[in-house]
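J.: The chain contents come next:
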Amino acid sequence: MTQEIDVSVVNLTKRWGNLTAVNNVSFDVPKGSFFSVLGPSASGKTTVLRMIAGFETPTAGDMFIGGQRINDVPANKRPCNLVFQRLALFPMMNVLDNVTFGLRRRGGISKAEMERMANDVLARVDLKGLNKRKISQLSGGQQQRVALARSLVLDPTVLLLDEPLSALDLKLRQDMKLELKRLQARMGTTFMYITHDQTIALAMSDTVAVINFGKLEQVASPDILYREPATHFVASFVGENNRLNHGRVVKLIDDQTCQVEIGGLLSVARIGEELAPGDDIDLFIRPEMIHLQLGKQASGIVGQIKEINFDGAHSLVVVQLTESAIPLSINVKFQHTEQAPAIAVNDTVTLSWGRAAANAFRHIEPPTEGKE
Amino acid sequence: MTQEIDVSVVNLTKRWGNLTAVNNVSFDVPKGSFFSVLGPSASGKTTVLRMIAGFETPTAGDMFIGGQRINDVPANKRPCNLVFQRLALFPMMNVLDNVTFGLRRRGGISKAEMERMANDVLARVDLKGLNKRKISQLSGGQQQRVALARSLVLDPTVLLLDEPLSALDLKLRQDMKLELKRLQARMGTTFMYITHDQTIALAMSDTVAVINFGKLEQVASPDILYREPATHFVASFVGENNRLNHGRVVKLIDDQTCQVEIGGLLSVARIGEELAPGDDIDLFIRPEMIHLQLGKQASGIVGQIKEINFDGAHSLVVVQLTESAIPLSINVKFQHTEQAPAIAVNDTVTLSWGRAAANAFRHIEPPTEGKE
Amino acid sequence: MSAKLKKSGRLWLVLIPYLLWIGVLFVIPHIKLFGLSFVDHRSGELTLGNYAKFFGSDLYRRVFWRTALYAIFTTILTLLIAFPTAFIITKILGKKMKAILLLSIVLPYWISELIRAFAWMVLMRETGVISYLLQAVGITSHNIEFLYRNGTIVIGLVYTSMLFMIIPIINSLDSLDDSLIEAAYDLGGNFWSTMREVIIPHAGPGIMVGSTMVFMLNLGNYVTVTLLGGKNSLWFTENIYNQFIVRFNQNQGAAFGVILLTFSVLLVWITLKITKQDMAEAM
Amino acid sequence: MSAKLKKSGRLWLVLIPYLLWIGVLFVIPHIKLFGLSFVDHRSGELTLGNYAKFFGSDLYRRVFWRTALYAIFTTILTLLIAFPTAFIITKILGKKMKAILLLSIVLPYWISELIRAFAWMVLMRETGVISYLLQAVGITSHNIEFLYRNGTIVIGLVYTSMLFMIIPIINSLDSLDDSLIEAAYDLGGNFWSTMREVIIPHAGPGIMVGSTMVFMLNLGNYVTVTLLGGKNSLWFTENIYNQFIVRFNQNQGAAFGVILLTFSVLLVWITLKITKQDMAEAM
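Line by line, the protein sequences are chains R, S, C and P. Sequential numbering from 71 applies to the first sequence in our numbering. Sequential numbering from 71 applies to the second sequence in our numbering. Sequential numbering from 41 applies to the third sequence in our numbering. Sequential numbering from 41 applies to the fourth sequence in our numbering.
None of these hints come from the bench; they were simulated from the model. Since we're looking at a predicted model, the values are computed, not measured. Some hints here could point you the wrong way.
[Said to hold, decoys possible] Using 30 Å as the maximum straight-line C-alpha spacing, the simulated BS3-like pairs for lysine-lysine come out as follows:
no. : chain 1 : residue 1 : chain 2 : residue 2
1   : R       : Lys204    : C       : Lys313
2   : C       : Lys131    : P       : Lys131
3   : S       : Lys147    : R       : Lys247
4   : C       : Lys72     : P       : Lys138
5   : C       : Lys313    : P       : Lys138
6   : P       : Lys138    : C       : Lys131
7   : S       : Lys202    : C       : Lys136
8   : R       : Lys147    : C       : Lys131
9   : P       : Lys72     : C       : Lys131
10  : S       : Lys251    : R       : Lys241
11  : R       : Lys376    : S       : Lys198
12  : R       : Lys247    : S       : Lys403
13  : R       : Lys251    : S       : Lys241
14  : R       : Lys251    : S       : Lys376
15  : S       : Lys403    : R       : Lys241
16  : C       : Lys313    : P       : Lys136
17  : C       : Lys313    : P       : Lys135
18  : P       : Lys93     : R       : Lys204
19  : C       : Lys138    : P       : Lys72
20  : C       : Lys135    : P       : Lys136
21  : S       : Lys241    : R       : Lys241
22  : R       : Lys204    : P       : Lys136
23  : S       : Lys202    : P       : Lys313
24  : R       : Lys241    : S       : Lys285
25  : P       : Lys131    : S       : Lys204
26  : S       : Lys403    : R       : Lys403
27  : R       : Lys204    : P       : Lys135
28  : P       : Lys313    : S       : Lys147
29  : P       : Lys131    : C       : Lys135
30  : R       : Lys241    : S       : Lys376
31  : C       : Lys135    : S       : Lys204
32  : C       : Lys138    : P       : Lys313
33  : S       : Lys376    : R       : Lys376
34  : R       : Lys202    : P       : Lys135
35  : S       : Lys202    : R       : Lys251
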């Protein structure tokens, strides 16, 4: 592909004393795309962002924006702008002064021109006519949009976003999520979005980079990430998943599929990383890809319903497998369609799933703190 | 029913000057149940809780715990305990001293007995052996459990919980949600849970009371709430929903169902409140209950796919209706099962839904701030 | 608990010692002083003579303006040293260095103002350490008396009032979210524009509280000024002291006191108006 | 910006004025004072005589202990008034009342210590306001002199040092999450157990900083004590003043100063050890 690249990070590393916060990370952000960096807290994702923005200095590695190396460009000269997690709007200024702050720093723009540019960008984020409002008079969603406008008015090559939605409450976050994606599509600006919330990353992004303990785990489109996780971590972190520990590879079916055995039960699974027969593996099965039938069926795995957790659109059904040698329980996402069977706790059911629902990775010991 | 009632609230009202925070609220919490109070921020739900806990004095109305009127019982003598939103663990004490704080206040319990009781409850919340830890040395989930243990050790008639999960991050919140429900089932203590997060309320509760602007909207089990909302507000707040404004009742089919018309399109719908033909209504349609077929089908409503927002287990598909007189777009939750058709943006599709998917309520003007 | 306390009226019961304190020791004495200033020292009759004496005397007026100007100058100098120090303490230093620097600011106040003044006298007199050092490095060839100079008074006052400037500024800077500074920088701001548009406006209330406090302390200082400035330091408080203690004319002294108070309150009020600060809000 | 500043070394450049300040005006003079205290006033030879004179004299020792005990007593009294006041200001009052009370705490410090002391003298002397009021309501039938009594000194000192106690306690209580108080109450605690187990432990560092500061200020006070207590107030700073100014014996004065400082630092250090507080952390 000859796609133009807006942000490029090469072997980026950041150490604080003994701690390696970012470990040899490389990725490219295509021009005009919505790129997310997804990781749990303290995974190093924010450090990556702050290095690109210019607030931290990398220990090693290079960063490029629009083809130009920016390692030695000071933060206030870089062609990128940051939308902060807590927005960091200037409370002592009104909306207009917030939005023109960056323009005023540039110099050579007339006051009328600045106001025209500000009005223009405010209209695009649906804040027309609020120029003179104080920041404290705005609602959470409006503040969010001022923060976007303040950066977008400078027409940055790339807009960096540090989980700006996490401060909003649930309903508003849902709405802003879609709105942000539409805004990005409309403006065509490259967005680089940092988040720990995989639902946001999956819903908004063209490409997602998953990072853990400072290392890049996988860079892929949301559906590849979800369906074909490259590592044990991605399988457990992205999307809900059943994790069955200590299975064993029975045989390889083809170069993508294998047969595994766990507690005496057999299943086919996608091979997540290179595996050989006999390997100790963990099996991940997507709860919504499991087919649940009432009663004991000819094929499939038999179990008993232990819990039904209603969740509106669907229920999370906890099924205890009755024929396995070790105690195993599996969560099934059960869709309440009009054709769906009526289920109740203690019902006997049969579960089945296709190859695409299950992923096998070499076993990793779960953290000892267990429940965390 | 002759169910025993643990908490009873009768005509409870709280005014602050001109503002009525809680407006004539009455409900009963059955013994041993998981009862949630669900509402948006500033709906008055926290005020209800704080009145029951004894931190606010009602302007009018009565509160009963275990049949006893508690209006005049001071907060430190009420047979209920509160788990605070930010937990409010005592940072200057270790885990054991936090848990025994309430026991020490009771007097007449030997030190050994207190320690035995504390160890007992700590074991139940999976915190065995962490007695001597400082609060700051615990993870978020462990602190959560200490807060629970500290209240549960006092064996309260009812445990009040003020959104204690909202401080946790996403993954942990998911886990703790199920764990909390299991703990409640195991201990048998009545839980009264305050939240603005409808997914938590639906998943955990036996009964949910929905409150808005200080008024009780509906008290029902999660599935009734979801399937048969009693008010316009419940339909829009609980679960994701499509809202189509300014429809019209064409005719009543039976006492529960009517035919409605919106932009020239016809649909059947459940009657949410008393309606007559010609009434101006808003129509709510659950995104996951809409059946999507590729191409133009014989029956159903035709539209074109505008956006596909991937979300792992499913995608949110935005469909622009092509045959309506006014611009209408509907969100469809599209399940990625192995039988599901492959869809793409700009595809022509046909949507259909059953009576249970749609609810009609008398039209209410949306808030003027629009996007909020 | 708090609601209970408020309702039961115990609240004001608990505050009584404090309110009595303020009433008896602050309000009544100053009203009394105000009254005395209109009474003739000898005849005991009502008069404006005590004020007339001030406005009729070139010397008194000169000393008064000299005191006011030095107090203002010293306040500005204190602010110029305190602001960068407070900024570095709150926004740049790590936890440990921060504690050490804060301690170094508080420590001097543990030492009696008297002992401190004497220590300086030792340092600055003609045969003192500074004079000795300057001769040793060859800057001067004879003893220099640093005591009883205006510069010495200024140094002493800045030193004495530093804490009262730094603490309010630290308090106001503490509440400034670091990301605001980063945001200003990210949007293209440099050190000076960020200072001017973001940091100083935010610290405004703290600067105001600190400057007012320091100005008032300087204006009313007595010990530091007379010990370092000598008996002829020409500070207005000296005139007040002399009227009360040396001349036993408490009425004249009271009038001088009222003049000093009125002037200072007026000046603070005007400054608040000009900088558009609200004192209550600043607190 | 901060990272940049730190790296470029500009950080210490900005701090230089402050550090010079501390070095030249705090460290050097006190080292010099320490040195002087071991020198004989007349002969200029090294001697322990200045210290021997203190330990050999009943009078000096008595004045010293009297001063120490009064300073401790006054500090405790200040704490007892300041703590409830600070608690009410931070945890109970609304925003507006809070600002008014804070202002009422700061306001007295705007007035020269000198004017304040004179106002009190007017209030308390034999022919003053209090004496007059007591006679008017019939409590006493003759003039009472309130000036030059120990009680008056205590009142003056508590008043003078109130701010330094209240502000640190307010700062520490401000950081106490209200829900901790509610939690203690919810778990069955009452007013006293909540105070003892939750509020006071949390405010510990603030109480420590305030008490230390106030104790030091009281111990070293000169103006308030001598004006209200008279020339024979038997306060140790008076002895120091007399040695320096009246007897021109700066060596003896320096020794007295060193004794006062050593004692106070020791006492603070012991208190910190007993209450297990860390001063750096308390800051």
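J.: Quick one: which hint numbers does this structure break? Sort them smallest to largest.
T.: 3, 9, 18, 20, 28, 33, 35
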